Amino acid sequence: MNDHPQDPFDEMMRRSLAEEADRIEPTDALPEIRARAHAQRRPVNRRPWVLTAGLAAAGTAAAIGAFTVFNGNANTANDGDAVAGQGSTTSATGAPDSPRVTSASPVPGPTKPPAEDETIAPLPKQKGVPETAVKEASVPVYWTAYRVANTSAAPSSSKSDVRLFRTFHRVSGYPAVEAVRLMSYGKTSDPDYQTMWRGAEVNSVRRFDDVVLVDFKRLPQARLDKATAKVAVQQLVYTVQGALQDNSRPIQITEGGKSGHRLFGQIDTRTPIGRAQALDVQALVSITAPAEGSLTKSPVVVSGTAAAFEAHVNYRATNLKTGKVIESYAMSEDGSKLSSYKFDLRLDPGPWLIEAFLVSNEDGTTVSDADSKQIQVGR
Amino acid sequence: MVVYEESVTHESSWNADEALTAVYTAHYTSMVRLAALLLRDTGTAEEIVQDAFVAMHGRWHRLRDPHKALAYLRTAVVNRCRSRQRHLVVVDKHMPRSLPDEPSAEQAALRTAETDRVIEAMRTLPEKQRTVMVLRYYGDLSEAEIADTMGISRGSVKSHAARATKSLRQVLEQSA
Chain A
1 MNDHPQDPFD EMMRRSLAEE ADRIEPTDAL PEIRARAHAQ RRPVNRRPWV LTAGLAAAGT
61 AAAIGAFTVF NGNANTANDG DAVAGQGSTT SATGAPDSPR VTSASPVPGP TKPPAEDETI
121 APLPKQKGVP ETAVKEASVP VYWTAYRVAN TSAAPSSSKS DVRLFRTFHR VSGYPAVEAV
181 RLMSYGKTSD PDYQTMWRGA EVNSVRRFDD VVLVDFKRLP QARLDKATAK VAVQQLVYTV
241 QGALQDNSRP IQITEGGKSG HRLFGQIDTR TPIGRAQALD VQALVSITAP AEGSLTKSPV
301 VVSGTAAAFE AHVNYRATNL KTGKVIESYA MSEDGSKLSS YKFDLRLDPG PWLIEAFLVS
361 NEDGTTVSDA DSKQIQVGR
Chain B
1 MVVYEESVTH ESSWNADEAL TAVYTAHYTS MVRLAALLLR DTGTAEEIVQ DAFVAMHGRW
61 HRLRDPHKAL AYLRTAVVNR CRSRQRHLVV VDKHMPRSLP DEPSAEQAAL RTAETDRVIE
121 AMRTLPEKQR TVMVLRYYGD LSEAEIADTM GISRGSVKSH AARATKSLRQ VLEQSA
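Same order as they appear, the protein sequences are chains A and B. Residues 1 to 379, numbered by the UniProt record's numbering, are exactly what the first sequence covers, in order. Residues 1 to 176, numbered by the UniProt record's numbering, are exactly what the second sequence covers, in order.
Fair warning: there could be bad hints in the mix.
[To be verified] Capping the alpha-carbon separation at 16 Å, the derived lysine to aspartate or glutamate pairs in EDC-like fashion look like this:
#: 1; chain 1: A; residue 1: K226; chain 2: B; residue 2: E46
#: 2; chain 1: B; residue 1: K166; chain 2: A; residue 2: D10
#: 3; chain 1: B; residue 1: K158; chain 2: A; residue 2: D10
#: 4; chain 1: B; residue 1: K158; chain 2: B; residue 2: E145
#: 5; chain 1: B; residue 1: K68; chain 2: B; residue 2: D148
[As the list claims (entries may be wrong)] Pairwise CB distance ranges (calculated):
#: 6; chain 1: A; residue 1: E25; chain 2: B; residue 2: E114; range: 20 to 28 Å
#: 7; chain 1: A; residue 1: E362; chain 2: B; residue 2: A162; range: 31 to 39 Å
#: 8; chain 1: B; residue 1: A26; chain 2: A; residue 2: R198; range: 26 to 34 Å
To be clear, the hints were calculated from the coordinates, so they are not data collected in a lab. As the structure is a prediction and not an experimental result, all values here were calculated from the model. Don't be surprised by glycine CBs; every beta carbon is placed ideally from N, CA and C.
Extracted from the complex, chain B is given alone in its bound form (with noise of 0.2 Å):
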């Protein structure tokens, strides 16, 4: 740890709320999607990604850059998610076949048909190929991005988008 960092006298034109404020206003709603595409769980989600901004407050004295802080929110809100997904696995495992996750029939009504399929096919992937595929489809990252998000290698994030680029499109096809 830095004991005294005469280094940090340059400028940054923010503080931590002014920070927190504009990359709020840019990123809030975008961030809460992500989270609940990956969660299928809009209150979830937004408890999350509201976790997310206060750390990000928190560091920004270290970030001090809205495209770090970007960065860092990411990884944040979706490693949150992803260990609530794993928490919700063994959960489930211990309860009969659950119905909060099915969409009420109101909302589904709402839907495409196209949409409804794929986003139903993305239910049958692990959640690292779910993952890399939202991140992939949705955050429209590259796949270093999507690499450094996760902290898993480039390698993986082409490996677990192929095979959930299979899988899919087969579910998909028999779902047709």
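Next up, chain A with everything else stripped away, as it sits in the complex (with noise of 0.2 Å):
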């Protein structure tokens, strides 16, 4: 739009706009930005490289074995993440029936706020229970992954993209603290999930009449925005309760016994923080078996959760050698919330991909969400 180069309009507008902006030194966040980025999800069909490291990996993987826990109808996430073999898992006093803490946000625990960066006063008043060491327990350890990135451009500013995804994982010694150090080291055989507390090192859990205490050696360094952050605190919450199986009581953080870090940079821990809604938070569509990586037979059962427009969870499955596509949809048990589909899969021996994907019921096509697993299917 140089059409009038010489015209002094223009280059005082030029001139100030440029002297303007010089006047704006950004600080460097790049490594913000690439922490985020890593949170993020991969998108449906993955590019063909990372689905050839996939496949060689895929035997390992198979043999590691994500240990992969499918209870029927008992996999509404939101619930109580009850796991096979559950007799063995910590102290197994079973959940007390305590009203459950919902909240989309940190919300005040029954605790008395400590004050900023003081020794969590109230607490050492009743002693806390440290975990029970088991010899095998299976854990829920939950992920962060970006919902499919199909906005356009306009902000959802209030709410994260971000939302939480599971895997199961076996244990030995005391469940919650394993848990925790599983999902801040981000060992995942599932490639599109990610974790936000890298770097973290988990101390102890212990629990309390009221609330949970997760003492920290050093929490996270990531410093995300507001919405996101709201999520990757409830990836800890999650875990947490999901391996005490006690969704009611809420979650006290601390660092080397104190309490009061902002975390993230956004999240205040003076109080104890409770469990938010699945529906904020979890994953829309989700496939908890089989596992990222494993080795199975035809047929394979699919299962998992969805809150799905209308129950109706799409899905694909895809042989990575031949390139042969099958698609049908499964119907979710309840249109309204979380819940849970399954369906069965007749596939040839070889790699495949299957993912299951929520349609926006804005246009009807564009995908919304989504969850993948490649695996191995033998003869």
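If you follow the hints, you should be able to join the two separate chains into one complex; please do so.
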């Protein structure tokens, strides 16, 4: 648009805007952008080179065996994360029937909020119960991933596009501590899942009457925007509560025994943090079984949870060698909330990518949410 | 939605991380400045631009080209700024004549009188006109690029630019 380069008005506009712009020196944000981008969900159709890498790893991953737990209708992740072999988990006192804390944001818990950076005083009055070590337990670990990035450029500043996805892991020792450790190391066989807790080091998990105290040697250093931080903190809440099989007690987060750190630069940890509503933070569609990288036989029973418009869960299985595609849909049990779905697939031997996805009810074509698992179907 | 893209096997020299680093290094500052000119609030500008970079990283597999990535970023930033401004307008109506936008005395001192007058005059423009002017004179974009970025026709770009120029000239003459 340099039609009149000589025009003094144009020159003045250029000069002034450039001068005004030059006064702005943004601080380096690459580490933060990178951290957030790494929580980014990979798209449903993965790039071929990722697939190739994934295939190479598939055999090993199957051997490592993400210990998949599938107990029929109990897949509403909202509900206690009931896990097979639960008798062996934790001190197995059973989840108390106290009212569930459900709140989308950190809520003041029943304990008196301690002052900033003060050792939490009210807790030691009652004795916290450390976890009971177990020989083996299966624990759910929650991860973060973006919903399918189909958003037009419209900002959704108040709600995060990050959601929680779950995998199961076999651990021994203290289940909740181990679950948090896995979560912070970011070790998951599913390449789509990430953690916001990278770099965190957990110390201990202790149960009190009305709160669970999770103490860290080191809290994660990532700084997040507010909406993402709210989901990120729920990654811990869901993981700890899942391992303890107790959705009711809020989580008090401390570092070196002290509370009040501003987690992710956003979250006030002076008071315990309650469990957010599943619909606000959990993936709207996820595949529980088969697990990523598992070796299985046809027919493959695929199960998961979804909060699907009109209970309609689309799926697609793609043979990564031949390109053969099987597409259809399944119905979840209840279209109005997170509920389980299930379908069977008859698959030829070979590597398959199974995708479950929801379509936006606004235009009926855009994929809004998705989860995928790559598996190997044996002969 | 494409089910299984066999066509995507062709090379792309950068993965999403490399693209992010490269595009960030080349364009982050100018994007923040662009957003700050549109919003007059550096904090919000940084936030919006960071969001756009995260989004760009997420769809690098579809963009696969730094030029497309830049166009995508620009559109994302401009759209986000525009809806943020629309929101601010609504908020403003319920607030007393706003102070937060006022530059501090210190900052203002760094500006030349001319810039001061231009920036002041820009504030009087409707949002679309202001956006066109910023993209034209700071972004140095062509009419077609502005049209693409804002999702409006070239004709509209022309008329917004003409109207903006007319009122800016008037305001500036008065304040001169």
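Now for the hints, and whether the structure bears them out:
1. A:K226 / B:E46: 14 Å, holds
2. B:K166 / A:D10: Cα-Cα ~12 Å, so holds.
3. B:K158 / A:D10: Holds: B:K158 and A:D10 sit about 15 Å apart, inside 16 Å.
4. B:K158 / B:E145: The given pair, whose Cα atoms are some 12 Å apart, holds under the 16 Å limit.
5. B:K68 / B:D148: Holds, at about 12 Å.
6. A:E25 / B:E114: 20 to 28 Å: At 21 Å between Cβs, range holds.
7. A:E362 / B:A162: 31 to 39 Å: Holds, at about 36 Å.
8. B:A26 / A:R198: 26 to 34 Å: 27 Å, holds
No hint from the list above goes unmet by this structure.
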